[in-house]
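From just these sequences and the hints, can you work out the full model?
The sequence shown begins at 8 in this note's numbering and counts up one residue at a time.
Take these hints with a grain of salt, some might be off.
[Stated by the list, open to error] Taking lysine-lysine pairs in the PhoX-like style, the calculated list, with each CA pair at most 25 Å apart, reads:
(1) 210 with 149
(2) 108 with 177
(3) 108 with 94
(4) 108 with 210
(5) 150 with 94
(6) 177 with 150
(7) 177 with 94
(8) 149 with 177
(9) 150 with 108
[Said to hold, decoys possible] Label-pair distances were calculated between CB atoms; the ranges are:
(10) 216 with 175: 21 to 31 Å
(11) 91 with 42: 44 to 54 Å
(12) 23 with 123: 13 to 23 Å
(13) 216 with 95: 41 to 51 Å
(14) 8 with 140: 39 to 49 Å
(15) 107 with 42: 19 to 29 Å
(16) 202 with 152: 15 to 25 Å
(17) 30 with 127: 19 to 29 Å
Source of the hints: derived by calculation from the structure; they are not laboratory data. For each residue, glycine too, the CB sits at the ideal point set by N, CA and C.
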Amino acid sequence: MTRILVVDDEPQILRALRINLEARGYDVITAAAGCTALRAAAQHHPDVIVLDLGLPDIDGIEVLAGLRGWCATPVIVLSARTDAADKVAALDTGADDYVTKPFGMEEFLARIRAAIRRATAISGLPDPLVVAATFTVDLESKKVTRDGVDVHLTPTEWGMLEMLVRNRGKLVGQRELLTELWGPTYTTQSHYLRVYLTQLRRKLELDPARPRHLLTEPGRGYRFEP
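Here is the structure:
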C-alpha cells in the first residue's frame, strides 16, 4: 500500500485529504507541525509527502531542506502562497510539485499519482545515471552536467527532461507531457512544449538546430535518444 505523509496545520484540510486518499486505498499519516513531520518521515518512510509551507513551528522551506538532506521521497508542496518567489524557492529546495490553495481535489489526486509514477519509474531503472554524447543526467540527484560542469535548469526544464530521459527511446506524447508538467487543464497548450524544448536544446545539444538527443516527432510528441 502506498503511504502518504500529509503535513498541514489546518485540521479541515488534513481531514479532507485523509478521507479522499484513504478512499482511494492510500495509507495516510498526518502531521500538523514541521518537527512532527520530520519525525514521521524518518519513522514511517512515506512514498509521497504533501507539505504545507505555513507551519506553526518551522517554515515549510526549512522542513523541505531538512528532508532533502537524507530523503529522496517525492514532495508535493500544498500552500496558500501564490508568489512566484515562494514557488521558485520550494522547487529549488527540492519540491517535486507545487499546488496552491484552494485546489481541486481531482487535479491534486492526479498530481499524487504522477509523483508516484515518476518515483516508481526512477527506482525501477537499472542505472539512474544516463550518459549522452554531450551531457549526463543523474535522475537520482536531479543533476545535469555538460563537459563536467553543472547545467542549471529551471524546474519546468528539469521536469520535461526527466520525463523524456526516463522514457528513453520511447515516444512521449504531447498530451502526456502537458498533463504531467502543467496539469490536465493545459492539454491544448502545445506551444509550451516547443518553448521549453528549445531552451533545453540550447543548454544541452552540441548543435541545437540539428538535435541528436532531444527529438521532435511533429504532431505526435518528443523522444530522448541517448
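Practice problem: Report the numbers of all earlier hints that the structure fails to satisfy, in ascending order. | Solution: Hint check: 2, 4, 7, 9, 11 and 13 fail, others pass.
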